[in-house]
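**Student:** Each chain, letter by letter, is given below.
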Amino acid sequence: MSVLVYTESDQGKLKKAAFEVASYAKEVANQLGTTVTAVSINAEDTAELGKYGVDKVLNVSADNLKDFNAKAYASVVQQAAQNEDAKVVIVSSSADSKTLAPGLAVGLQAGYASNVVAAPTSTSPFTVKRTAFTNKAFNFTEINSDVKIVGVSNNAFGLVENTGAAAAESFSPNLDDSLFGVKVENVDKVTGKVTIADADVVVSAGRGLKGPENWGMVEELADVLGAATACSKPVSDLGWRPHGEHVGQTGKPVASNLYIAIGISGAIQHLAGINASKVKVVINTDAEAPFFKAADYGVVGDAFEVVPQLIEKLKEFKANNA
Amino acid sequence: MKILVCISHVPDTTSKINFTEGDTKFDTTGVQFVINPNDEFGLTRAMWFKEKQGASVDVVNVGGAETEPTLRKALAIGADGAIRVNAEATDGFFVAKQLAAVAKNGSYDLVIAGRESIDYNGGMVPGMLAELIDANFVNNCISLEIDGTAVKATREIDGGKETSNTSLPLVIGGQKGLVEETDLRIPNMRGIMMARKKPLTVVDATDAEKETAAVKFEKPAPKGAVKLVDADNIDELINLLHNEAKVI
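Protein chains in written order, with the working numbering: chain H, 1 to 322; chain D, 323 to 570.
Certain hints may be false.
Below, computed lysine-lysine pairings styled on DSBU-like, alpha-carbon distance capped at 30 angstroms [said to hold, decoys possible]:
| hint | chain 1 | residue 1 | chain 2 | residue 2 |
| --- | --- | --- | --- | --- |
| 1 | H | Lys51 | H | Lys16 |
| 2 | D | Lys519 | D | Lys324 |
| 3 | D | Lys519 | H | Lys278 |
| 4 | H | Lys278 | D | Lys538 |
| 5 | D | Lys541 | D | Lys568 |
| 6 | D | Lys347 | H | Lys278 |
Simulated from the structure, these hints should not be mistaken for lab results.
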């Protein structure tokens, strides 16, 4: 009857989101008066999950799971849930978790609520608060099936330290060849750079930067802050920056702790996409830009003067606070 | 190749979002409805397969009669036929089961759905549908090439992209990148005239449980006024971010 949580890893290391979903699972387990079991695939060391309240970890180690595979991964989590007789399964909002969760829901005949931003408001009926209308609103969703799947938004619940043994057990699910109908040929991923999904800080720039050649200072600012870089829709449409950096309603959602917008006017679709970020800073020459209405802090000024100053001052700040 | 494109009928991206009946229903007053943008990228890619590789393209929606203009628009863009499953689309699992019945009945080789609708943002229908009809599945799909039954597809992942080989039958969760914004088509007069004569079939819903229910909506708390910092006083910005917002 444990709460089961799928704790994702990347190249053998647990992701930050894994600790966040573990924290969430512990909260649900407390509400239900039960324990937390995690399932992890090809993670080298899962002991740290104990710090976030995980009592037991099912470790799956398999060569054929080296690449992500939606159906095979969903089957692993499904078998783990059945092994634990779990009635609640928690997953993250990473691209991979969002890809495996729907198949998992069919396998477990479970209702699934994605983009959940807070602990359940009630366990009977089981009710969660989630974002809808691309962050322009929230909705309270009841999950009425016997087994329930909750997809937790990044950076919404946060990390909550707790105690747990995280006793590791090896787990060997049955994986039929028929699950592997999609075969990964090539992964093109920037390494050593924080992704928009995982980032605590996102530095984003728009058409105000005038051309792709001016992105050096954006990347430098991101470097200083350990941030991911992002861009507005026009910038990605113009081909100045890759599509993967486009944030907004039809691009990627951003739920960082700090979002810095440089030379972005703030179209309603852009603001919707970044609304889940906690603190927003805007730098723009136009004091009338709509972004100033959505931001917490604003600087009316020329990005080409403000951003280099900000980089210098942040470097000093970091040096003094290291 | 037979293609089915799933179409969600959603508020235009510029819509103001309000609720009614004690915050339990979306207020459609003055709202313009459109083809869900993620679905429109998929529909446009389907038109490419139709024109270059001789595919047939049907579109499907689960919804009431009020969604028919959206289906007619898809026909005007060039789809051959439309199907409307007459039911209220309130739960992703329920919708996926309706679409699975349509997909099985029509023996489609490729089903294109958007990665998520921009209203409920559930992001679950494509993956559920793939599982229900036992098809291969590629989510967040940004490139799709088909040769016979062989498929090469690229999906966006966190921090990059991943290219896979797979085969039909296939379900994709599509998004921008499948085609570019500039490839999207505005229906012309001829398309609109022809769409009137194309078949729009209404079918009854199959029996299925609704596993979830959106019981109440809430708008974000109104935002306080922005704190402006002088462009010559960046130290103050850093001070605020460090001591007040506590984010650096």
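**Student:** Each hint: holds or not?
**Tutor:** Hints versus structure:
no., hint, in the structure
1, H:Lys51 with H:Lys16, "holds (13 angstroms)"
2, D:Lys519 with D:Lys324, "holds (20 angstroms)"
3, D:Lys519 with H:Lys278, "violated (51 angstroms)"
4, H:Lys278 with D:Lys538, "holds (23 angstroms)"
5, D:Lys541 with D:Lys568, "holds (25 angstroms)"
6, D:Lys347 with H:Lys278, "holds (27 angstroms)"
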